[in-house]
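Asks: Respectively, the protein sequence lines represent chains Y and D. In terms of my numbering, the first sequence is numbered consecutively and its last residue is 472. In terms of my numbering, the second sequence is numbered consecutively and its last residue is 472.
Hints are not guaranteed to be accurate.
Where chains are identical, the list cannot tell them apart; a pair therefore holds if satisfied intra-copy or between any two copies.
Pairs of lysine-lysine residues, derived as PhoX-like cross-links and limited to a Cα-Cα distance of at most 25 angstroms, are as follows [stated by the list, open to error]: (1) Lys224 to Lys197; (2) Lys414 to Lys404; (3) Lys385 to Lys270; (4) Lys457 to Lys284.
In short, the hints are calculated from the structure, not lab data.
Number of protein chains: 2
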Amino acid sequence: MPLLGLLPRRAWAALLSQLLRPPCASCTGAVRCQSQVAEAVLTSQLKAHQEKPNFIIKIPKETLTEKYGEDSGLMYDLKDQGGELLSLRYDLTVPFARYLAMSKVKKMKRYHVGKVWRRESPSIVQGRYREFCQCDFDIAGQFDPMIPDAECLKIMCEILSGLQLGDFLIKVNDRRIVDGMFAACGVPESKFRAICSSIDKLDKMAWKDVRHEMVAKKGLAPEVADRIGDYVQCHGGVSLVEQMFQDPRLSQNKQALEGLEDLKLLFEYLNLFGIAEKISFDLSLARGLDYYTGVIYEAVLLQTPTQAGEEPLNVGSVAAGGRYDGLVGMFDPKGHKVPCVGLSIGVERIFYIVEQRMKTKGEKVRTTETQVFVATPQKNFLQERLKLITELWDAGIKAEMLYKNNPKLLTQLHYCESTGIPLVVIIGEQELKEGIIKIRSVASREEVAIKRENLVAEIQKRLSES
Amino acid sequence: MPLLGLLPRRAWAALLSQLLRPPCASCTGAVRCQSQVAEAVLTSQLKAHQEKPNFIIKIPKETLTEKYGEDSGLMYDLKDQGGELLSLRYDLTVPFARYLAMSKVKKMKRYHVGKVWRRESPSIVQGRYREFCQCDFDIAGQFDPMIPDAECLKIMCEILSGLQLGDFLIKVNDRRIVDGMFAACGVPESKFRAICSSIDKLDKMAWKDVRHEMVAKKGLAPEVADRIGDYVQCHGGVSLVEQMFQDPRLSQNKQALEGLEDLKLLFEYLNLFGIAEKISFDLSLARGLDYYTGVIYEAVLLQTPTQAGEEPLNVGSVAAGGRYDGLVGMFDPKGHKVPCVGLSIGVERIFYIVEQRMKTKGEKVRTTETQVFVATPQKNFLQERLKLITELWDAGIKAEMLYKNNPKLLTQLHYCESTGIPLVVIIGEQELKEGIIKIRSVASREEVAIKRENLVAEIQKRLSES
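With the rest of the complex left out, here is chain Y (with noise of 0.2 angstroms):
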C-alpha cells in the first residue's frame, strides 16, 4: 500500500535536501537570518496609504500592486486596527525582494516554505485555492551571467524526479525575447505587459482563444496577432535558439539578441548538469508576473494518454520561475539593485495530482507511518501494552495502540487493515508467562512468537526487509 500521507513529508525530504545544499551565503547566523526573515514577512503585509513610503515598516500598497500586472485584483486586502490598509502575501517573491532591500543583503542563497493568499474562485478540479503553501528557492546577487540560473532548473528537475511525478518538461523563454518579439512583430509598448498576460493563457486557452483576446478586447491589429502566432507555436531545444538568431525580425532587435545569447549560455550549462533534454525553448511561455526580467521557466507534467476510467488532469504549471533583477531595488530606497533568480513549486496541485493518479490505479492511501501495532487479546493488559510501547518508541519505532483499557483484538486488527499498519505485536497472557511476544504480519495474517528479548531486534529486522 503506497504511503501517500508520507508523501509530504518524503516531498519535504526531497525538496529540502535538495534545497539546502546550497548555502545562506551572507548569513552571519541562521537562527537571526530566520527571525528577520519571519519578521520581514510579516512586515510584508503592512501597506500603508502613503505617498512618499515608509521603507522601514510598512510598504504602500500601490507598490505592490505593480508587480502583479493583471493579477493585482487577487491580492487580498484588509484594514489593520489603525485603519491602514494591509494585505495578505501573494507570493513569496516580492516578500523575499523587499526582505533584501530592507536588510540591505547584497547576496543570498534560500528556501523558504510558506502560505500565500489569492483571492481567487477555488477549484479543486485544478488545484487551484484561496489559501496555498508555495516551496519557493531564490540565488539572489551579482554573478556571472546564466549560473545561478542553471542551478535553479537544475534543482527544479531534481525536485521533480525526486518527486516521482512521472515524465515533466521545463518551458524556457527570456523575457526579453518576449518583448523583443512583440517589438519585432509591431505590438505597441504600451500594449506589451497586456498581450504578455495573453499569451501567458496559452496553457489554458487554445491559439485562437488568446487571439481573439488580444483582437477583440486589447485592441492589436489582426497582422500582428498573426504575426505573434507564427512565433508561440515554436519550441525545440538549443537549435530552435541557433534559429532564432537568423530570423530577420527577431535578429534585428537588440533585447531579443540578449536574450538568445543567454539562452544559447544556458543551454550549455544545462548540459553540463545533464538536464538538458528536459529543457524546451519555448515561445509560447511569456509569465504573466510583471517583474521577471530575463529568463522564465515553467514545469508542465506530460500527460500519459488517458486509459479507461483515467480522468483527465489539468492542474496547470507545477513549478515555474524566473529572473527578476529589478524587483529589489524597487523596494530600495537609493534603487541600489540586487539580481534576482528563482522558482516557486505549488505544493497543493502536486499533491493533487499524486491523489488523483493513486485513485485512479485504485491504490488505496495510507495516513499514517505507524509500522507496529501493539495489540492484546486480554483485559487488563494496559500497563503491559504501555510497557511495550515505550520499548518500541525509545527505539525509534513508530508504535501506537488504541487509547483504550480494554479494546476487543478484533476492533485492534482491524484498525490495522484499515489503516495499513503492516505489524502488529501480540501481548496476552500466555505470552507474558512464556516471555514471548507473537508478531503478526497483517496482509499475511500470519503470526510468529519470539523471545521478548529479542522484540526491537525483529521489528527492526522486519522492517529493514520490507
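Using the hints provided, position chain D relative to the given structure of chain Y.
Replies: Chain D in isolation, oriented as in the chain Y frame:
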C-alpha cells in the same frame, strides 16, 4: 564547528520523527485532510460582527475572544474588503478545535507547524516576537482517561531530549485542582479566572508581587491570598498527589479530587513510559488560557549555575499544553463535545536558547550544510567545475562553487574557511591531464590526490568518517 544552521532541520527532524509516530486516526486521505486544514486556518481568521454566528465560513470575534482570557488584547485585528472584522490567529489550538467542529471530526491525532501573531511588545531577550512559529501536537477524541495525556507528556520529553537543550522539567497540574484550591481557599467564583491569570505569572514574578496584584488590583482578601500562597509553594512527584488527597481543604472539593485521581493515574502511566522523574506536580502552575479543563503542563529548562561570562537566560517556558474538553463544543452548532489534549512548542525561544549557549561557549555558527566545495586554481575551468559539481550533486553530496567564471583560488579557500565547509575538491590543468582530483581538508589544509573515478566514493568515505 557545530552546525547551528542545521539545528532547525535536525530539530524538525526530531520533532517530526516523534510527532509522525501517531496516526491521523480519522482521516481517509492525508491530502484531502491537509487541504481542509489549510482552508480551516484561513477560515478561522474570518470573524463577523454578527449576533448569530454563521459557522460555515465565519466565526464572530466575540466567540473567539473568550478563549484567551486576559490575553485577548494581544490578538491582531484586521478588516477585510467588506469591512468585516478579522484577526490573525493567536495560536494553533483554537483553529484546530474549530476545524474539528466544522468538519465533524470525532477523533484525530495531528501535528501542525505554523505562524501565530500577538500584539505584544517584542522582546528578543526573552525570545518573544509579534510573529512567531508554533509547533503543536494534539490528540482529539473520547478515550479512556489519561492515556493520551500521558502520551503528550512522553512526546514532550522525547522532543526536548532530542533537541539537546540540557536538563528540563515538566510542571504538571490540573485546572480542576487549581479551581478546587481557589474554592477551598475562599476565592469567590467570579474571581477564579482573574486569580488564575495572576498565579500564571509566578514563573516571572515573585510571590509577594503576585500576592500584591491579587489583593490590591483584583480585590482578593489577604488571608485568602495567603492560603493560596501555602499551596503554590508545593511541588513534587506522585507522593505530593497522595499528600494532597489528605489535605483537609482540597479533599473536601469534588473537582479537586477528580483532578487528583487523574494525576495519580497519569503518574502511573508516566512511570511505565519511563519519564516520571521528569515530571513535577506543581500547584503554582495555572496556565492563563481559559480553555483548559483538566491536566495542564509546562516545560522549563533547568539552568546550570551561571558561569563566568555566561548571561543568564530568561526565556520562560519552552513548551506547554493541557486538556481542553470544552473548546470543540463551543464551535459546534449543537454543542457536541470532542475532548482534546495537546501541546505547543515555541520554536523561536528554543532557537534563541541554543544560539545564546553557543555564543557563550564561543562556538561558531554554521549557516550551511555544504559538505564539499568545488574549486579551481585556473582560468577557464568553469565547464570542468560544473561537470564535477554535477557528479557530486547527482550522488546526493551537498556541494557548491562560486558563480564566477574565473574566481581566485584564495577567494575560494577563504570562502570555505569562513562558511565552515569541511572539504574542497580542486581541479586544474595538471589534474585534468592526469585524470586526478585533489581533495583538501579545510581544517588541516592537507591535500591528497585521488583518481578522478574514485571521487564520489572517496568523498562519501570521508563524510561518513567525520
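Asks: For every hint, state whether the structure bears it out.
Replies: Consistency of the hints with the structure:
1. Lys224 to Lys197: within (8 angstroms within a copy, 68 angstroms between copies)
2. Lys414 to Lys404: Only inside one copy: Lys414 and Lys404 sit 22 angstroms apart there, 50 angstroms across copies, limit 25 angstroms.
3. Lys385 to Lys270: The answer is between: 21 angstroms across copies meets 25 angstroms, while 73 angstroms in one copy does not.
4. Lys457 to Lys284: Neither: 54 angstroms inside a copy, 31 angstroms across copies.
When held up to the earlier numbered hints, the structure conflicts with hint 4 and nothing else.
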